[in-house]
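Visitor: Following the hints, complete the assembly by docking chain B onto the known chain A.
If you're matching them up, the sequences are chains A and B in order.
Residue numbering for the first sequence follows full-length UniProt numbering, starting at 1 and increasing by one per position.
Residue numbering for the second sequence follows full-length UniProt numbering, starting at 1 and increasing by one per position.
No lab work stands behind these hints, which were simulated from the structure alone.
Please note that the accuracy of each hint is not assured.
[Said to hold, decoys possible] PhoX-like mimics (lysine-lysine), calculated; alpha carbons at most 25 Å apart, straight line:
| hint | chain 1 | residue 1 | chain 2 | residue 2 |
| --- | --- | --- | --- | --- |
| 1 | B | Lys178 | A | Lys206 |
| 2 | B | Lys211 | A | Lys211 |
| 3 | A | Lys206 | B | Lys179 |
| 4 | B | Lys225 | A | Lys211 |
| 5 | A | Lys206 | B | Lys206 |
| 6 | B | Lys206 | A | Lys178 |
| 7 | B | Lys142 | B | Lys225 |
| 8 | B | Lys327 | A | Lys211 |
| 9 | B | Lys206 | A | Lys179 |
| 10 | A | Lys206 | B | Lys36 |
| 11 | A | Lys211 | B | Lys206 |
| 12 | A | Lys179 | B | Lys211 |
| 13 | B | Lys211 | A | Lys178 |
| 14 | B | Lys327 | A | Lys327 |
| 15 | B | Lys211 | B | Lys178 |
2 protein chains.
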Amino acid sequence: MDATETAQEIDVDALDRYGLSEELIDDIEVGLLESKPVDYFQALLEPLHAADIADLLEQLSGGEREQLIELMGDLFDAEVYSHLDYTVREDVVEDLDTEKMAEIVNDLASDDAIDFLEDLDEEEQRELLDAIPAEDRAFYEKHLSYPDESAGRLMQREVVTVPSFWTVGQTIDHMRDKKIELPDDFYNLIIVDPSHHPVGMVKLSKLLRTKRPTPIANIMWEDMKIIPVNMDQEDAAYLFRQYGLVEAPVVEEGGRLVGVITVDDIVEVLDEEHEEDILKLGGVKEDDLYSDVVETTRLRFSWLLVNLGTAIAASLVIGLFETALEKVVALAILMPIVASMGGNAGTQTLTVAVRALATNELTTSNAFRIVGKEVLVGGINGILFAILMGLVSWAWFQDPALGGVIACAMVVNMLAAGLAGTLIPLGLEKLGKDPAIASTVFLTTITDVVGFFSFLGLAAWVLL
Amino acid sequence: MDATETAQEIDVDALDRYGLSEELIDDIEVGLLESKPVDYFQALLEPLHAADIADLLEQLSGGEREQLIELMGDLFDAEVYSHLDYTVREDVVEDLDTEKMAEIVNDLASDDAIDFLEDLDEEEQRELLDAIPAEDRAFYEKHLSYPDESAGRLMQREVVTVPSFWTVGQTIDHMRDKKIELPDDFYNLIIVDPSHHPVGMVKLSKLLRTKRPTPIANIMWEDMKIIPVNMDQEDAAYLFRQYGLVEAPVVEEGGRLVGVITVDDIVEVLDEEHEEDILKLGGVKEDDLYSDVVETTRLRFSWLLVNLGTAIAASLVIGLFETALEKVVALAILMPIVASMGGNAGTQTLTVAVRALATNELTTSNAFRIVGKEVLVGGINGILFAILMGLVSWAWFQDPALGGVIACAMVVNMLAAGLAGTLIPLGLEKLGKDPAIASTVFLTTITDVVGFFSFLGLAAWVLL
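So that you can see chain A by itself, here it is in the shape it has in the complex:
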């Protein structure tokens, strides 16, 4: 192996891990503790990508973070900011002065600048907008008027448009003109008619491969997806995923082009929606990893309170059968099993249904079939576990009648679980609510109540 060969060798193992190392975080924390000079931190942070610096700031405690940002100076810039988690941003903004904020907003791409402005309270927004050139100010004010989580908030206004009557040559010359400011990243040109309505798109790769005299309209593709500025970001993300889009024009009422959404924005939306789904199913309102103890406690409390209400309701059902419980203590021992199996079977069904609703796979066209299938699955598993648990109970308490009671209750509750697991999210969706948010609590209330009622009720009837 000669020297050149070795120099060109890429260390594939080193590629497996990028970004932040534990050692680096340790070095920073120790540095802060020992009040090392500014150079020390700058040398450590300089080689990092902005996204990794943002991660580092997230990993530190609130006090450390504030200290480090001060030490970073210009290394803390718009790009680092745009990679910070929402909760951490709020924290950071509090420590910035208006001048630094204006600098950040001016450096950000328009979609990230909107993100920044959104985070501020109204007074801060006003103050900051006043410190920005009038032309930009008007743009931002308009954007902040679009609904939260809409395509308008997501898009960037920097678009490369070409009139439909140009040739390839004219287009290339226009792009080479140093006076024209173009966005950093774009993959398509948007072809517009005289009233600035998008009529087609041209891939850059296509443009490159086409002879200069060709009219641009000849190489454009016209079945692009046009996104209204008020469309919910989740719907926009659906279009990108469904049709494998990389870029899509955004139009305002009347069809005028106002911006463009690119796939990297969509990756973030997908990530957000993912987070929302998973947290809501787990009974958490928002990602509180970086929130402080008081805020986290507050955010979790309300959900737990709802749960307490439903748990008490289930206990009231148990209370109806006090006499039975007093006579046969085995009922108290076995009853959580019936409720738990129903809850788990229901959660399985619910999870599949919520996910299928989110991906538009569960619709009114196949709802009836899916509900039927889930009830059947619940019924079959119900019978299997009824046999199993019936035998276990019989052996445990030497009482065949008790085995029969728990077996019947198991079948009833698993049927209820299949039914509730599909009907609850379908119903919430029908009512225009997010099926993820309250499904779990409704479901476990039903499986608890049905479980306790069928088991204790049957027992009271058969055994006493």
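Guide: The following block gives chain B in isolation, referenced to the frame of chain A:
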């Protein structure tokens, strides 16, 4: 408003909904029932995007699907296939002959073709590979040798490479050469050295804006992320998300360029990983929406069996306190509340932790702080609910001592929930397991056991 204006007006409302309408699905189903002629279906399907046709096929029942595919003829092509859900694909492939399959594979981009081949069993694979040109066969065989869910399976081999010593002019001329076959979509050129190692990338937009004599090496950016062919797809997706990538070169051992991954592949991976996370947390192994009843029952059974085991364990704990339950029936009525509150508080913590592990936000650097915070949050909410539930129990059963017992048990169980909710996923991650898969069952076992034991144990000690 004049005529031209009206013609150019874009109907923004119509843009809000794309794709499949309920009516269309109904028309197809009715058509199948009434055995309408082929033209009827072709006229309905012709205007649809391949992704929408795939959705339509997913919405139909198994029998309808088979019928429709037969009627579709050439409208069922590689693109429609590539948009089908995994479970439905398996179903569809069974009905295709080798000739149709070979046609599909030849029409697919290399990454989608790999997808197709993966779905087949070994014998079918062999048969199909024999029906494919030798050159492609070698490529596919090599690709199938990469591990499942690795970058190698995800990448496409069609890459536009340029030697680093070329000029912009040479590059453009090369791309204009009609004899060269280029991929449909690409956004960057990959610059390679003589041993075909990637050394940089050039954005097409940059290429377009640069004068012909400029050396290509002058406009390339070098800090691109290089992905080893064996990297897990989830790690590759992380890189794309973290650094906002659109395209990344893939290299084999030794650093030779073998392919490229584009962001649209990553959107699919994110979607898959999302699905996996959410389903695993809900106790479902894989998306079984389109699986038949028997298969679905089988897939759900094993998880429910594990849950039955843990539910019985919790009941054994209850059984230890038979005497107490016999004497004070209120204990049986109240005990599910303690367990339920612990389970829900634990699930909240667990969800946040699992999500934070998946996004690399929870690391060994901040694990200690996060665990501490969660225990504290559990403790505070524990105290709040202890007071609440203590008063409710006191009022309900007219017994202040019983109120005291449930209050103490509540605090203990919510502390345990905070601890278990963070330590279980951290432990699983440490052991190299996926934290999502078994966390919930471990957690509820702990909160049930601790809940029942602390409540009944304290009651036996204080009240009897």
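Visitor: Hint by hint, say whether it matches the structure.
Guide: Hints, verified against the model:
1. Among the hinted pairs, lysine 178(B) with lysine 206(A) is consistent with the structure: their alpha-carbon atoms are about 12 Å apart, no more than 25 Å.
2. Under the criterion of a C-alpha separation no larger than 25 Å, the hint pairing lysine 211(B) with lysine 211(A) is consistent with the structure, at around 17 Å.
3. Distance check on the hinted pair: lysine 206(A) and lysine 179(B) sit about 15 Å apart at the alpha-carbon level, within 25 Å; holds.
4. Restraint check: the Cα-Cα separation between lysine 225(B) and lysine 211(A) comes to about 33 Å, which exceeds 25 Å; the hinted pair is violated.
5. About 15 Å separates the Cα atoms of lysine 206(A) and lysine 206(B), which keeps this hinted pair within 25 Å; it holds.
6. Under the criterion of a C-alpha separation no larger than 25 Å, the hint pairing lysine 206(B) with lysine 178(A) is consistent with the structure, at around 12 Å.
7. Of the pairs offered as hints, the one joining lysine 142(B) and lysine 225(B) holds, with about 23 Å between alpha carbons and a cut-off of 25 Å not exceeded.
8. As the CA atoms of lysine 327(B) and lysine 211(A) are separated by approximately 93 Å, the hinted pair breaks the 25 Å bound.
9. Of the supplied pair hints, the one linking lysine 206(B) and lysine 179(A) holds, its CA atoms being roughly 15 Å apart against a limit of 25 Å.
10. Under the criterion of a C-alpha separation no larger than 25 Å, the hint pairing lysine 206(A) with lysine 36(B) is inconsistent with the structure, at around 42 Å.
11. Pair hint lysine 211(A) plus lysine 206(B) holds up; C-alpha atoms about 19 Å apart against a cutoff of 25 Å.
12. Our distance criterion of 25 Å between C-alpha atoms is met by lysine 179(A) and lysine 211(B), whose separation comes to about 15 Å.
13. The suggested pairing of lysine 211(B) with lysine 178(A) holds, with an alpha-carbon distance near 11 Å, which does not exceed 25 Å.
14. Restraint check: the Cα-Cα separation between lysine 327(B) and lysine 327(A) comes to about 10 Å, which is no more than 25 Å; the hinted pair holds.
15. Simply put, lysine 211(B) and lysine 178(B) have alpha-carbon atoms about 22 Å apart, close enough for the 25 Å limit, and the pair holds.
The structure is inconsistent with the numbered hints 4, 8, 10, although it conforms to all the rest.
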